[in-house]
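Chains as they are written, first to last, in UniProt numbering: chain A, 1 to 187; chain B, 1 to 187.
One thing to keep in mind: the hints can contain errors.
Subject to a maximum C-alpha distance of 27 Å in a straight line, what follows is the list of computed DSS-like cross-link-like pairs (lysine-lysine) [said to hold, decoys possible]: (1) B:K94 with A:K2; (2) B:K94 with B:K2; (3) B:K94 with A:K94; (4) A:K2 with A:K94; (5) A:K111 with B:K111; (6) B:K2 with A:K94.
So the derived label-pair ranges between C-beta atoms look like this [said to hold, decoys possible]: (7) A:R159 with B:L163: 29 to 35 Å; (8) B:A48 with A:R157: 22 to 28 Å; (9) A:R159 with B:Q112: 25 to 31 Å; (10) A:Q112 with B:D166: 26 to 32 Å; (11) A:H165 with B:A108: 26 to 32 Å; (12) B:D28 with A:D168: 51 to 57 Å; (13) A:Q175 with B:P103: 44 to 50 Å; (14) B:R119 with A:H165: 16 to 22 Å.
Among chain A residues calculated to face chain B with C-beta under 10 Å, some are [said to hold, decoys possible]: (15) V10; (16) F53; (17) A90; (18) G93.
Quick caveat, the hints were computed from the structure, so don't treat them as lab data. Glycine included, C-beta positions come from ideal geometry on N, C-alpha and C.
Number of protein chains: 2
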Amino acid sequence: MKIYLAGPDVFLPDALLIGRRKAELCADHGFTGLFPLDNAVALAAHDASLQIFRGNEAMMNDADAIIANLTPFRGPSADAGTVYELGYMAGRGKLVLGYSNDPANYVARVKQFETVESRNGLLIGADGLAVEDFGLADNLMLIHCLDLHGAPLVTPRRRPADLWHDLDSFTACLQIAAERLRPQQAR
Amino acid sequence: MKIYLAGPDVFLPDALLIGRRKAELCADHGFTGLFPLDNAVALAAHDASLQIFRGNEAMMNDADAIIANLTPFRGPSADAGTVYELGYMAGRGKLVLGYSNDPANYVARVKQFETVESRNGLLIGADGLAVEDFGLADNLMLIHCLDLHGAPLVTPRRRPADLWHDLDSFTACLQIAAERLRPQQAR
Numbered sequence: 001m002k003i004y005l006a007g008p009d010v011f012l013p014d015a016l017l018i019g020r021r022k023a024e025l026c027a028d029h030g031f032t033g034l035f036p037l038d039n040a041v042a043l044a045a046h047d048a049s050l051q052i053f054r055g056n057e058a059m060m061n062d063a064d065a066i067i068a069n070l071t072p073f074r075g076p077s078a079d080a081g082t083v084y085e086l087g088y089m090a091g092r093g094k095l096v097l098g099y100s101n102d103p104a105n106y107v108a109r110v111k112q113f114e115t116v117e118s119r120n121g122l123l124i125g126a127d128g129l130a131v132e133d134f135g136l137a138d139n140l141m142l143i144h145c146l147d148l149h150g151a152p153l154v155t156p157r158r159r160p161a162d163l164w165h166d167l168d169s170f171t172a173c174l175q176i177a178a179e180r181l182r183p184q185q186a187r
Numbered sequence: 001m002k003i004y005l006a007g008p009d010v011f012l013p014d015a016l017l018i019g020r021r022k023a024e025l026c027a028d029h030g031f032t033g034l035f036p037l038d039n040a041v042a043l044a045a046h047d048a049s050l051q052i053f054r055g056n057e058a059m060m061n062d063a064d065a066i067i068a069n070l071t072p073f074r075g076p077s078a079d080a081g082t083v084y085e086l087g088y089m090a091g092r093g094k095l096v097l098g099y100s101n102d103p104a105n106y107v108a109r110v111k112q113f114e115t116v117e118s119r120n121g122l123l124i125g126a127d128g129l130a131v132e133d134f135g136l137a138d139n140l141m142l143i144h145c146l147d148l149h150g151a152p153l154v155t156p157r158r159r160p161a162d163l164w165h166d167l168d169s170f171t172a173c174l175q176i177a178a179e180r181l182r183p184q185q186a187r
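Just chain A, same shape as in the assembly (with noise of 0.2 Å):
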């Protein structure tokens, strides 16, 4: 069985040696981890993007489930590449699993970069649109996705040290995944 490991990890200084380490966790878990492409494309080629697109879509296609970081990425939400291939993974029925190594919820993150007023019992940010405030960790499309396709956000009690590098949730990820899918591959 293999698993799309999608996250801002690719834009990380030593992204591949993350993507290895991934990787192995899933071996460890009998699962073939399948780390998106952004790194192993010639960035100067003319059509780079596009082969990375390509190439992410067919392990996507390829894999029987995802495992999101969707640890919040310049901003108060999860990055949005890897927030769309989760809804690519949904939409095409796999097993959608995803964590965020920030414990906090969306109202307290738009926080940190706005101010966020009360008015008729809504949240309203700075823009003048309103912050979704169901006590949820980011946007409920997101959310619900995994409650319902795959399991709920796995979070960390405390933020950890090293917001990028801790694999403590992601490892979390790969046991409920090992719980969903090798009994199914016994069958």
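The hints should help you fit chain B onto chain A, whose structure is shown.
Chain B alone, transformed into the frame defined by chain A:
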């Protein structure tokens, strides 16, 4: 034919009004517009967010296409919920169309929020993570999803005065949908 109308429009103070306006424009082009349920559910209900998720997913399953408002929202990228829905619809093989009312590219937008440095031929953000530098409007997964499973992202030449209410680029998406979907109807 039905089109799912994704976007952070649901968070606007006049969300119901803009939803109605978009649905009218859909009708003008021979389509039924399906607007997300975020504003049609009693927010005080204990399972309000789950009701919204289930309702939105059912509408997406029922729709033939999506038009996603990918105008940047609370950061340099599009709204996470909208991006999730774009991915979901692509995964289900539906026609995916999208627009952004901000014509700036991703690198320029990241620079509005943080300092970006050039290191060893890569752009690095304040968080130490690389900034995608393909001259695209957002993360490559979103942009090439549109290119390969729909039509290129529609953007205005200039940022409109009212970023959240200007519907010119939305209307351009409807025209593309009419070209792509209505010939099939006639077959």
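Tested hints:
Between the alpha carbons of K94 (chain B) and K2 (chain A) the distance comes to roughly 25 Å, so the proposed pair stays at or under 27 Å and holds. Simply put, K94 (chain B) and K2 (chain B) have alpha-carbon atoms about 11 Å apart, close enough for the 27 Å limit, and the pair holds. Simply put, K94 (chain B) and K94 (chain A) have alpha-carbon atoms about 17 Å apart, close enough for the 27 Å limit, and the pair holds. Proximity of K2 (chain A) to K94 (chain A) is assessed by CA-CA distance (about 11 Å); at most 27 Å being required, the pair is judged to hold.
Taking the CA atoms of K111 (chain A) and K111 (chain B), the gap is near 21 Å; set against the 27 Å cutoff, the hint holds. Restraint check for K2 (chain B) and K94 (chain A): satisfied, since their Cα atoms lie roughly 25 Å apart, inside the 27 Å limit. Look at R159 (chain A) against L163 (chain B): about 33 Å separates their beta carbons, and that is inside 29 to 35 Å. About 26 Å separates the C-beta atoms of A48 (chain B) and R157 (chain A), a value consistent with the hinted range of 22 to 28 Å.
Under the hint 25 to 31 Å, the C-beta atoms of R159 (chain A) and Q112 (chain B), about 26 Å apart, fit the expected range. The given range of 26 to 32 Å is respected by Q112 (chain A) and D166 (chain B), whose C-beta atoms sit roughly 29 Å from each other. At about 29 Å, the beta-carbon gap between H165 (chain A) and A108 (chain B) stays in the expected band of 26 to 32 Å. In this structure the hint that D28 (chain B) and D168 (chain A) lie 51 to 57 Å apart at CB holds, the actual value being about 53 Å.
In this structure the supplied range 44 to 50 Å holds for Q175 (chain A) paired with P103 (chain B), their Cβ-Cβ distance being about 45 Å. Between R119 (chain B) and H165 (chain A) the Cβ separation comes to about 19 Å, which falls inside the hinted range of 16 to 22 Å. At its closest, the beta carbon of V10 (chain A) sits 8 Å from a beta carbon of chain B; the interface hint therefore holds under the 10 Å criterion. Of the supplied interface hints, the one on F53 (chain A) holds, with its beta-carbon coming within about 4 Å of a beta-carbon of chain B, less than 10 Å.
For the restraint placing A90 (chain A) at the interface with chain B, the shortest Cβ-Cβ distance is roughly 6 Å, inside the 10 Å limit, so the hint holds. With 10 Å as the threshold, the beta carbon of G93 (chain A) comes within range of chain B, its nearest partner Cβ sitting at about 8 Å, so the hint holds.
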